Each structure stands twice: as C-alpha cells, then as structure tokens.
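Note that the protein sequences, when read in sequence, are chains Z and V. If you read the first sequence in the numbering used here, its first letter stands for residue 1, the second for the next number, and so on. If you read the second sequence in the numbering used here, its first letter stands for residue 1, the second for the next number, and so on.
These aren't lab readings, by the way, just hints derived from the structure by calculation. Just so you know, these numbers come straight off a predicted model, no measurement behind them. Treat each hint with caution, since some may be false.
Covered stretches of chain V (chain Z as the covering partner; in silico rule of three or more C-beta atoms under 8 angstroms from a C-beta of chain Z) [said to hold, decoys possible]:
(1) 94–101
(2) 137–149
(3) 231–241
(4) 249–263
(5) 429–438
Where a beta carbon is used, it is the ideal one built from N, C-alpha and C, also for glycine.
Number of protein chains: 2
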Amino acid sequence: MSQLDELVQMLGRQYVLSGDEAEPYSVDWRGRYSGKALAVVKPGSTEEVAQVVRWCVAHKVPMVPQGGNTGLCGGATPDASGQAIVLSLTRLNQIRSVDTDNDTMVVEAGCILQSVQQAARDADRLFPLSLAAEGSCTLGGNLATNAGGTQVLRYGNARDLVLGLEVVTAEGDICHGLRGLRKDNTGYDLRNLYIGSEGTLGIITAATVKLYPVPVAQCTALLALSSIEDAVSVLSAARKGFGAALTGFELIAGGCLAGVVECYPQQRIPFDGESAALPWYALLELSDSESAEHARERFETVVGEAIEAGLVLDAVIAENITQSKALWHLRESIPLAEKAFGKSIKHDVSIPVSRMADFVRTTNAALQASFPGIQHVIFGHLGDGNLHYNVAKGQAFTEEGLLAKQDAVYELVHNSVHQFGGSISAEHGVGQLKRDALPRYKDPVELALMRRIKQALDPHGLMNPGKMLAS
Amino acid sequence: MSQLDELVQMLGRQYVLSGDEAEPYSVDWRGRYSGKALAVVKPGSTEEVAQVVRWCVAHKVPMVPQGGNTGLCGGATPDASGQAIVLSLTRLNQIRSVDTDNDTMVVEAGCILQSVQQAARDADRLFPLSLAAEGSCTLGGNLATNAGGTQVLRYGNARDLVLGLEVVTAEGDICHGLRGLRKDNTGYDLRNLYIGSEGTLGIITAATVKLYPVPVAQCTALLALSSIEDAVSVLSAARKGFGAALTGFELIAGGCLAGVVECYPQQRIPFDGESAALPWYALLELSDSESAEHARERFETVVGEAIEAGLVLDAVIAENITQSKALWHLRESIPLAEKAFGKSIKHDVSIPVSRMADFVRTTNAALQASFPGIQHVIFGHLGDGNLHYNVAKGQAFTEEGLLAKQDAVYELVHNSVHQFGGSISAEHGVGQLKRDALPRYKDPVELALMRRIKQALDPHGLMNPGKMLAS
Numbered sequence: 001m002s003q004l005d006e007l008v009q010m011l012g013r014q015y016v017l018s019g020d021e022a023e024p025y026s027v028d029w030r031g032r033y034s035g036k037a038l039a040v041v042k043p044g045s046t047e048e049v050a051q052v053v054r055w056c057v058a059h060k061v062p063m064v065p066q067g068g069n070t071g072l073c074g075g076a077t078p079d080a081s082g083q084a085i086v087l088s089l090t091r092l093n094q095i096r097s098v099d100t101d102n103d104t105m106v107v108e109a110g111c112i113l114q115s116v117q118q119a120a121r122d123a124d125r126l127f128p129l130s131l132a133a134e135g136s137c138t139l140g141g142n143l144a145t146n147a148g149g150t151q152v153l154r155y156g157n158a159r160d161l162v163l164g165l166e167v168v169t170a171e172g173d174i175c176h177g178l179r180g181l182r183k184d185n186t187g188y189d190l191r192n193l194y195i196g197s198e199g200t201l202g203i204i205t206a207a208t209v210k211l212y213p214v215p216v217a218q219c220t221a222l223l224a225l226s227s228i229e230d231a232v233s234v235l236s237a238a239r240k241g242f243g244a245a246l247t248g249f250e251l252i253a254g255g256c257l258a259g260v261v262e263c264y265p266q267q268r269i270p271f272d273g274e275s276a277a278l279p280w281y282a283l284l285e286l287s288d289s290e291s292a293e294h295a296r297e298r299f300e301t302v303v304g305e306a307i308e309a310g311l312v313l314d315a316v317i318a319e320n321i322t323q324s325k326a327l328w329h330l331r332e333s334i335p336l337a338e339k340a341f342g343k344s345i346k347h348d349v350s351i352p353v354s355r356m357a358d359f360v361r362t363t364n365a366a367l368q369a370s371f372p373g374i375q376h377v378i379f380g381h382l383g384d385g386n387l388h389y390n391v392a393k394g395q396a397f398t399e400e401g402l403l404a405k406q407d408a409v410y411e412l413v414h415n416s417v418h419q420f421g422g423s424i425s426a427e428h429g430v431g432q433l434k435r436d437a438l439p440r441y442k443d444p445v446e447l448a449l450m451r452r453i454k455q456a457l458d459p460h461g462l463m464n465p466g467k468m469l470a471s
Numbered sequence: 001m002s003q004l005d006e007l008v009q010m011l012g013r014q015y016v017l018s019g020d021e022a023e024p025y026s027v028d029w030r031g032r033y034s035g036k037a038l039a040v041v042k043p044g045s046t047e048e049v050a051q052v053v054r055w056c057v058a059h060k061v062p063m064v065p066q067g068g069n070t071g072l073c074g075g076a077t078p079d080a081s082g083q084a085i086v087l088s089l090t091r092l093n094q095i096r097s098v099d100t101d102n103d104t105m106v107v108e109a110g111c112i113l114q115s116v117q118q119a120a121r122d123a124d125r126l127f128p129l130s131l132a133a134e135g136s137c138t139l140g141g142n143l144a145t146n147a148g149g150t151q152v153l154r155y156g157n158a159r160d161l162v163l164g165l166e167v168v169t170a171e172g173d174i175c176h177g178l179r180g181l182r183k184d185n186t187g188y189d190l191r192n193l194y195i196g197s198e199g200t201l202g203i204i205t206a207a208t209v210k211l212y213p214v215p216v217a218q219c220t221a222l223l224a225l226s227s228i229e230d231a232v233s234v235l236s237a238a239r240k241g242f243g244a245a246l247t248g249f250e251l252i253a254g255g256c257l258a259g260v261v262e263c264y265p266q267q268r269i270p271f272d273g274e275s276a277a278l279p280w281y282a283l284l285e286l287s288d289s290e291s292a293e294h295a296r297e298r299f300e301t302v303v304g305e306a307i308e309a310g311l312v313l314d315a316v317i318a319e320n321i322t323q324s325k326a327l328w329h330l331r332e333s334i335p336l337a338e339k340a341f342g343k344s345i346k347h348d349v350s351i352p353v354s355r356m357a358d359f360v361r362t363t364n365a366a367l368q369a370s371f372p373g374i375q376h377v378i379f380g381h382l383g384d385g386n387l388h389y390n391v392a393k394g395q396a397f398t399e400e401g402l403l404a405k406q407d408a409v410y411e412l413v414h415n416s417v418h419q420f421g422g423s424i425s426a427e428h429g430v431g432q433l434k435r436d437a438l439p440r441y442k443d444p445v446e447l448a449l450m451r452r453i454k455q456a457l458d459p460h461g462l463m464n465p466g467k468m469l470a471s
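Can you make the complete structure from the sequences, with help from the hints?
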C-alpha cells in the first residue's frame, strides 16, 4: 500500500479511491464488462495527470483512462487483475476559453458533453456533437472514441470538430497542441492519431473545438418508402437540393416503428392505411440559416419532387416544433422498445451507401437461412452509411436461445459487412468488444502499422493495455 | 550501374531515366531547389511502386516521391548527393471508379488535380479542392502536403476530402485502405498520418475522395473596408447569414489591388473616389444550392446589413459571371503583380482570426522599425485564418538589398506568428524550406513524438530523408 500512499500524497486522500469506492468505476454502465482497479485516481489538472502518468511509468502500473464511463465496447473498464489504475478525468471540467471571432472554444477532457453544448449556446454558437449519452459522457471520451451521433452528416465525426489537443503522453510529458488554427501544415497529424485511439497512446486532457452558427430554423419530415434503393435516391436528391443544410437522414425499418407504438401506445405512426405499414421510413431534417418560411419552402420543393418521382409514397412534414420532436422521439424510442422486447444482438456497422440495399437484402437472407425466424431490427444514419443492424429473438427464439447464437450471428453479419466493403465498428470503437474480431477484418499491413505506432508512442505498454489491440 | 539495370528490368528502359533525362525532375519548378538523382523511376502500378520500394530497401537507396513537382517548399527535390531516386507517380493516373450514390471516387496518386475535378463534373458532382497549380499538380502531391487552396472555408483542407488511402509502406508492403466510409472507428487514423507527411512515412498510391453536389449559383462581391477588425466582423456575419453556403472570404490589402492595376492597366478597381483607396478589401463568395435569384437576395441582405452597420464602406456585387470572374481575377493577379515588381519574401502563415488584426498591426510596426521603408504585401484566406504575409522591396530597397535581409525578415515574422499562437506553414508544408525553422516553433514534445513515428514507420530512414525532419 505504500505505492498508493505516494498517490495520496500527490493528489489528496479524497482523490485516490480504492476498495468499495473504486467499484462503480470498474464496471461499465450497462454491466457488460467488469474488472478490478488497483485504485481510481482523480487528478485535478493537466500537470497532475502528467505526475500520475510518470508515477505509473516508474512503478510499471497500467492506466485505464476514463471519462463518463458511457462507452459501449468496454474501452474504459479495467481488467480483472487489479493491477491497473482507473485514471478518471472528471475533475478536468473547465471551459478554459471561448473565442467567438475565431469560432473556437478550449474545453477540458472531463467536461460533460451537454455542458460543452451549453457553453457554446451561451455564446450564441453551436457545438454540434450530439448523442444519446450527452448528459453524462465527457468530451475526452468522445474524442478518445471519435464519437459519431446524430449530426455527422453535416458536421462530421468528433475528430472533424477538433482543431487542437493537449495530451499527456504515455511517458508523462505534456504535449501542448491547443492550436485554434484551421490550417497548419507543420508536421505529422498527431491530433488525429490520438483521437480515436481509445486511450491506448496517451491521455487527451483538453481540446480546442470548432463552433458553428446556430441554425435559424429546422424542418423535419417522416417519409414512407418502399425500398432502401428509393431511400438512397431521396438522400441523393436531398444532398443536391439542401446542400450543407441537410442535417439528418435516418433510415428506419417499418418493423421498428411498429415495435415502438406497440411498446409505447401513446406514440403513433403518423400515417394511415397502407402508408402506415410500409417496409421503410426515413426521417429527414434540414437546418436553415435564413428563416422558418424559407426552410419550409425549400423542404416542400425537395419532398414534393421526390413524391412526384414516385420515390416517396407518403410524407408527413412537421408543422411545428412539437410535431418535429414527436417524429424524432419515434426514432429515438427504437432502442428502448427494442430493449423492452428482450435482449438483442447489436451491430454498429457502416457500408458504402451505394451498397446498402444489397447488403441488407443479402444479410437478411443469410440470417434467415441460418437462423430461421430471427427478427431484424434495422435503423440508423443512412446519410453516413451507418446502420444499427440488430437482431432480436422474435417469436422463433427465447432470449437464451438467441444469446446462444450470438457469436455465430456476429460472425455472419461481420463477414457480410466485410464483403460489402464496410466497417464492423462505425461509431462505437473497438475496446474489448471487437478487439479479437479486428484481426479478421483489418488489412494485416494496417494492423502491423498500428502495432508499430503503439510500440513507438507507448513503449512501456501501460496505456489502456488490452483495448483495441491484444496486449 | 548494375543497380539501375535491375530497375530497368523491372519497369522497362523508358521508365528509368538518368543523366540529362533526370534533370527536370531534380529541380523544383521555381528553380529554388536543385539536386541530383541517381535515377528517376516511373512505376506504372501500385504493385510496381511496391517492387521499387523493396528494391530501394534492399539496396539502401533513399526515395524522393514526386507528383507534379509544383511544391513550394522543396519537398519533392532530391539532395545533391546523387544517391536518391526520384520516384515519380505520374503513371498512376487512372480514375479507378466513381460512385455517385456514395458520393465517392477512387483516384490514383498521379492524376492531375484538374482531371480529378473534371471527372467529378462529368458525374454531375463537385470535387472542391482547387488551387493555382491545379493544371499540373497531382492528387498524390496534394495529399502528401495536405494542400489548402480557395475552397477550404467550406470544404476543408485536402485531408478533409479523403475517406480512404492505398499506401505503399516504407518497406514495400501495400496497405489496402481504400474505404469509402464516412464512419469507421476500427483503429488508429493512419489515413491522416500519411496525409501531410510529405512522403516521409510511405507513398500514397491512391485515395477514395469525397464528392459534393455542384452549387446551383454563386454570388461574388468586393467589399471596401477600413480595418481588419471590420473584416472579421463581416466574416462573422457572413458565417451566420450564409451558413455553409459561405465559400470564400479573401482579405486583400489596398496596396495589393493598386499594384495589380499598376501592373495590368486593363484591370481596374471597381470603386470610385475614396472607396478606391481604402486600406482593406474583402472578396466574398456565396455558393447556393437553390437558384441565382435566391443567392442574390441572400447576399444582398447580409451585405446590406453590413453596410448599414458601418462595417462595409462600399460594395460591388457582381451582376453576372463575367463580373464575378473579373473580381476573382483581381485577387488571383496579386502574386503575378508582386512578382513583376521584383522578388519578395513570402510567408504562408495562419493566425487565429480573432488575433489577425493585432498580428498585422504589431508585425508591420516591427518590420518598419527594423527595416524602414520595406513594403507590405498582405492578402489571403481570412476565413481560414491564413495570410500570405509578404514583404517587398518598395522604394527603400534594391532586390539584392531585400534578399540580404531575408533570413532576418523570416525570423521576425515567424517569431511574431508564434507569439500570436499561429503556424509558420498554413498550407504549403515544411519540405526543405522550413525544416530548420520547425524546431524553433514546434512544441519539443510534439517534435519528439514525430521523430518516434518516423522511426517506427520508416525504420531504414529511406523515405524522403531530410524533408520536414532533419535526418
């Protein structure tokens, strides 16, 4: 215990947790992964993070960086050995500065995403990163995993929202890269290397993020469609007609909406007759920089043309914010309804948009051939080529029966994703969940380069070992 | 010579140039850097590139990758030793595929940028990368240097236009990363590491690039301004009013326009009286996805409000494409007029937009204090925080007198850039030109990480040695 005493001396007793106090940090929020930490260590500044890292290097103690502990792949959970510390960034929670002329903001890693969004709004700006866990996830975690979310189509992934980083390296040096520059060609792109590296190369302690103007008006519609092919054609027309004002294009299988209204009878599919029972729907969103009238007019032109062309069979355009929220609520209730019907097998995949229809048809057929009666739960960000291609028990399986098939289902779906030139992790990362699948699908040359980079930047192998790459 | 015989056998006699034939490849296009190549080698496929690299590794021969040889920092010119080969990518010039549903295109590194733009246009899409050398530079060179250009404000730098890369590593392996995915979180971001690495880590042989809808209409205006502060306020208003439709915001010092019309009397400053002699001008461009009328209306609203607020003193809005081209021609003639008045000292710098006015004021004063009568030639992409902050002889210096001060001027300007949180290379890269300045301004931790990455990915030190990092 003399080891921990040194940390206590460094940070203060209340910032070094062990035993029962450490337990909540050693289990992920869904309870899928659990481990044991030597201690949970909470430095209060970048300099303290560097001190803790140097202490870890001196004592050969592995580190598991953790933000809001909301990850979906077990990337922030320690292993069972009890040898690693959890290095919690939650005390680094300051908005260091806001620069409205430069449209940038310097934010510490432990800031809750919602607070970052709010700080931007307080300055009459938009920080567009937005995802389900925003009330508890931290910006550092978002960057470590290169989070996606609902605004990627217009604003890109988390990495696209960052201009500069402050990083504590795996040896405890502070890398001062908080530049607020939109152009800087003076060397290798370390920023993008740390972003998405899941804490395996170093620890992001702060970031300079981009701010955008707040849209003046938004329009939302639910479109009823007969095929994914038609959805892709409508997406293409919306890109052309709306330009960068297109901020959302979500694809939803008819069965998902049916599930939501079955589970939550107070919600309804806003169509009647045949239109309420079509195989596919799309949620379309436009964000306008002019006026509500202009947004509406523009929206009706594009949707009208898609109806005339026979691509859209029916459409409901939200008349006001309440109706718009109701449409988004339908979409956002899908995962909850899915959960209410029992555990399901989830895949966070991406596919080139042009091959999406073919991927779904082929993979659905292969799943039915191998697991007759299995139920498809398909929805996602079509605009980004990102599908949550999930599988539920339906009537044919029990929950246990389904989970017994989990590995076989993963393999079938991931093999198919690979054949269609897709990715087995679109926005959730690798962590522990997909670590062992990665070598099956990643180009071996690329994997070898990753290992070299890991070795070069984390020579002691102490940064989040066993995540992303097997140690 | 038996060494070269092996290459001749590999590629054919006509693709291994030496002696006089090799000379044009050993001098940069401006004649600022010259060296000597062992040979110029022109592989015709990715597999042949890999073979050549493996041959170089086996024989310990350094490689200098080269595209259109249009770089501005000597990054593609061999040193004087005659030991390195120039590895020309110009035969890899195929557009491999165009996918309009996915809005992507697979392009080989040796394609001329203009051909890439044309291939996109042929598919009714826009590939937005655009810069002065587009008729002869290659996409591979654009990516190796992370080129900027005129469309960065809306579409980002070259790296932002790429989804996937095919790379031949420094050991001659082919890394197959030509993914057409907008979301892919399965490992370290190797793509962004190779982009901007100036051929020092490996050789980009092909890329999957993003395509965009072609704008329906564009509007251009020249605004007359009394200060950079006002220009920054107008930029802010344009960002808010136009959203992502804002595609250009160029700042031009009054003296630059005066120089253009003095040099090219057929051009004119489109203002009369006082408005023709103001200290600053801005070229504003909007790209609309709806109609010419809509673009015009929108444009007039924002410009009108800026005039009412006293931020813009006068404005000329182009009435048609001819007038719009004339305004852009004024801007694009600045470097030519500058050249006509004699050699100048050029700086390609970026500064946070919020500090731009202060930077220019402070640096101008410091230059006048040290070099009385020196002439300022200032223009650039204000929207990106990127200034071409150049210095000319004016009446006070002879050409030789100015060039004798070159190193002192560089140092003064770069020191000031550094103090204002800027970058000494915004869009041109490092190459040979800024290699030795880099350690003075780059965070030493960052520089050390760069060296580790270089060592890890280019263990034999044969990839473009002496560029970016001293070897």
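Do three or more residues of the stretch 231–241 of chain V come closer than 8 angstroms to chain Z, measuring C-beta to C-beta?
holds (count 5)
In terms of beta carbon proximity below 8 angstroms, does the stretch 94–101 of chain V have 3 or more residues touching chain Z?
With 3 residues in contact (Cβ-Cβ under 8 angstroms with chain Z), the coverage given for the stretch 94–101 of chain V holds.
Three or more residues of the stretch 137–149 of chain V near chain Z by CB distance under 8 angstroms?
With 3 residues in contact (Cβ-Cβ under 8 angstroms with chain Z), the coverage given for the stretch 137–149 of chain V holds.
Go check the stretch 249–263 of chain V versus chain Z for me, would you? Three or more residues, Cβ under 8 angstroms, otherwise it fails.
violated (count 0)
Can you take a look at whether the stretch 429–438 of chain V is actually covered by chain Z? Rule is 3+ residues, C-beta closer than 8 angstroms.
It holds, with 4 qualifying residues against the three required.
Comparing the model with each earlier hint shows a violation of hint 4 alone; every other hint is respected.
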